[in-house]
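Trainee: Single-letter residue listing:
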Amino acid sequence: MSTVADNINVGQKPEGLEGTGFFATRLEQVVGLARKNSIWPLPFATSCCGIEFMATMGAHYDLARFGSERLSFSPRQADLLMVMGTIAKKMGPVLKQVYEQMAEPRWVLSVGACASSGGIFDTYSVLQGIDRIIPVDVYVPGCPPRPEQIIDGVMKIQALVESESLRRRDSKEYKAMLNTYGIE
Amino acid sequence: MLYDFPVISLKQDKIVDVIKHLRDHAETKFQFLTTLCGIHYAEVNQIAVMYQLHNMVSNQRVRLKIYLPVENPVVQSLTSVFPGANWMERETYDFYGVKFEGHPNLKRILNVDEMIIFPLRKEYPLEDQVRVDKNDSMFGR
Ligand code: SF4
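Chains as they are written, first to last, in the working numbering: chain V, 1 to 184; chain L, 1001 to 1141.
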């Protein structure tokens, strides 16, 4: 076998029982591993943070390294909603509808001060954080955050995805949480 | 007079006729409505509607202002003279609550429909009141 170059990280296989010709592990871990490395992000970019995200997608930072090759501009098949930029109150219902159209399991990454808290726009027209209308898994701080920070956020999402139990979405707590947002 | 820019204040019930005259008269020919917007003078309890016209031939401008009481700001719509006033009047309604009689579709245009205030009147805070965790000194207040 050829040796692996030392600047390449190979994904770790999950814990399990190993012997000649077989390897047994928990289904949850296999599914987690698969999901983690095949995230399909749905970018929802409205302003300056969205430009930063474009750099993240570009050749230099290359988000595709994380298995996020296909950016889906449709909720169909997408499982990571990335909200980047100022969300006006008028845009709120649109964002919520996009989130509702995504199938479970779905995760949300809130990029930048605006999406996370309204940012400097503490005004009558700007939504003071998208967590007022949809649940958020990871917040990326900054105005704007550097592409490295966005990648860090994506990796934090991956860590969540990998370790999430298969039954989490059926749990009472999860449903109650969605109910607080008025989502069935 | 503001620089070389005449500013004329006039009675509100004449405004449409005056602008129509300015548009059609051979010597004035103000055929381009550049701006229409509201101004709230809180200290005198009045809302002004400002019309700015441009003569494209002689490159002259004129600004007309009318004053309305805050309690009931009603004025004739200019859409019959300048169709371009449609958008601007809706915006003025949205932000100042000026009612333009005869406007074909006078409803909010930029803000959410559920909004109960007219945000650019000086009676209302510009900040969103829902946040209590922001440090005011960072926002110049
Ligand atoms: S957080 Fe800053 S950079 Fe990002 S959208 Fe808001 S204002 Fe723009």
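Just so you know, these hints were derived from the structure itself, not from any lab. Keep in mind it's a predicted model, so treat the numbers as computed, not measured. Treat the hints with care, since some could be wrong.
Stated by the list, open to error - Below, computed lysine-lysine pairings styled on BS3-like, alpha-carbon distance capped at 30 Å:
# : chain 1 : residue 1 : chain 2 : residue 2
1 : L       : Lys1099   : V       : Lys89
2 : L       : Lys1134   : L       : Lys1065
3 : L       : Lys1134   : V       : Lys89
Stated by the list, open to error - From the structure, some residues in chain V lie toward chain L, with a derived Cβ separation under 7 Å:
# : residue
4 : Gln29
5 : Arg35
6 : Tyr124
7 : Gln128
8 : Asp131
Even for Gly, the Cβ is constructed at its ideal location relative to N, Cα and C.
Trainee: Take the hints in turn and mark each one as holding or not.
Mentor: Hint by hint, here is what the structure shows:
Of the pairs offered as hints, the one joining L:Lys1099 and V:Lys89 holds, with about 24 Å between alpha carbons and a cut-off of 30 Å not exceeded. This hinted pair does not check out: L:Lys1134 and L:Lys1065 have alpha carbons roughly 39 Å apart, beyond 30 Å. Distance check on the hinted pair: L:Lys1134 and V:Lys89 sit about 19 Å apart at the alpha-carbon level, within 30 Å; holds. Against a cut-off of 7 Å between C-beta atoms, the interface hint on V:Gln29 is violated, since the closest Cβ of chain L lies about 38 Å away.
Evaluation of the V:Arg35 hint against chain L yields a violated restraint, the C-beta minimum of about 34 Å exceeding 7 Å. The beta carbon of V:Tyr124 is positioned within 7 Å of a beta carbon in chain L (closest approach about 5 Å), and the interface hint is therefore held. About 5 Å separates the beta-carbon of V:Gln128 from the nearest beta-carbon of chain L, less than 7 Å, and the hint is met. The restraint placing V:Asp131 at the interface with chain L is violated, with a minimum CB-CB distance near 12 Å, outside the 7 Å limit.
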